[in-house]
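Trainee: Below are the chains, spelled out letter by letter.
Number of protein chains: 2
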Amino acid sequence: MAQQERAIRTRQAILRAAAAVFDEYGYEAATIAEILARAEVTKGALYFHFDSKEKLARGVLAAQVPQGAVLPQPFKLQELVDVTMAVAHRLPGDPLLRGGVRLAVEQAGQGALGDGPFADWVELCTGLLVEAKAQGEVLPHVEPAATAELVVGAWTGIQLLSQALTRRADLERRIAAFWAQVLPGIAVPGVLPHLAITEHRGAEVVTAYERATTVRLV
Amino acid sequence: MAQQERAIRTRQAILRAAAAVFDEYGYEAATIAEILARAEVTKGALYFHFDSKEKLARGVLAAQVPQGAVLPQPFKLQELVDVTMAVAHRLPGDPLLRGGVRLAVEQAGQGALGDGPFADWVELCTGLLVEAKAQGEVLPHVEPAATAELVVGAWTGIQLLSQALTRRADLERRIAAFWAQVLPGIAVPGVLPHLAITEHRGAEVVTAYERATTVRLV
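Residue numbers (the UniProt record's numbering), protein chains in the order written: chain A, 1 to 218; chain B, 1 to 218.
Warning: the hint list may mix true and false statements.
What the hints assert, rightly or not - According to the in silico footprint, chain A covers these stretches of chain B (three or more CB under 8 Å from chain A):
id	region
1	76-89
2	148-160
3	163-173
4	178-188
If you are wondering where the hints come from, they were derived from the structure by calculation, not from laboratory data. Backbone N, C-alpha and C fix where the C-beta goes; we use that ideal spot for every residue, glycine too.
For reference, chain A alone in the conformation it holds in the complex (with noise of 0.2 Å):
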């Protein structure tokens, strides 16, 4: 293995025992030496890539939102539904994204951590409005980065009552009725047929994505 892999692996390793210290206890009561006993590196390697607790804290944020890459969609506005299913799908298994969650949600507006991913999405989602406004996908009073926050704000509130409620075992169901709520108010009655938004459409997008990903590394 070239070294400059092996620096790449032993970081993954690192951030991955560190959103699982967060995931478990939160930002305050996690320890480094907590996460150096899950990351099973040296003290040395951690300290090389990450100098505090609060830059292990950037790094699980930062990689939350690569986590909601799907494949292009003719439709833009589909292409946002499926940003936002594939991560209701990943979420539940995914460690890294766990953390990245519990940190974003308790510390907004603390400070420490700043906005979080949360502009991030924002930016994210409003691109692909923008797009589909540009397509003639979206009803004329639409406007991108406002309904860009709607829906990161609204995804966030309902992943949290999914999780009180159920442990996210409803999440994927829940987003779905979200956008069969709230499309009709975005999409342009042509579009709208169009769109798939039922439960399972975050599985069959990140199947999707998964194989045309491992097809371009061989």
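Starting from the structure of chain A, add chain B where the hints point.
Mentor: Leaving out everything else, chain B in the frame of chain A:
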């Protein structure tokens, strides 16, 4: 002052102090010593009312739903909007509500405090939607419980986003924008134009409620 009245005031003072400490430090880092110092009551008085940190947190959470109090409205959808706007209006200036929101968000799915107040809010909103449905205000596909969960989830997340991005300065505007986006998918076309969903609605309904309840007490 009658003894009972004094006990109620002491209990309220303790709850307000506890909420402020939870709002500032979160559940884990909050201490009974700090709550005691802020409440300016004796240790005996505090333990008479709440004998653990968990009971203090439950007391703060239980005080949350009554803060959604608004006057009854002919359209029950208006009353539902009013509850969400009243809480958005009260939240930034009300330590008891702020402490409860931080606890609910932080503890979602962490177990110690159960479902938090999510289930209570969902119940309140479901009741209003059942009445709205009985009065013919909602579209045929609307299921009261599912729509109530969507509203509570979305409200919570929009609040978090507002807290992260603007320290809640734009919370009322964001909740009003949420309603503008989703009400066309909930209300029948004949009712929709009669619903007031401006960002000033919260201030109006809180003022009206306070005037009505003050008169009643005189």
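Trainee: Check whether three or more residues of the region 163-173 of chain B sit with their beta carbon closer than 8 Å to a beta carbon of chain A.
Mentor: holds (count 5)
Trainee: Given that the region 178-188 of chain B was listed as covered by chain A, double-check it with a C-beta distance under 8 Å for 3 or more residues.
Mentor: holds (count 6)
Trainee: With a cut-off of 8 Å between beta carbons, are at least three residues of the region 76-89 of chain B near chain A?
Mentor: violated (count 0)
Trainee: Verify this for me: three or more residues of the region 148-160 of chain B with a beta carbon less than 8 Å from a beta carbon of chain A.
Mentor: holds (count 11)
Of the numbered hints stated above, the single one contradicted by the structure is hint 1.
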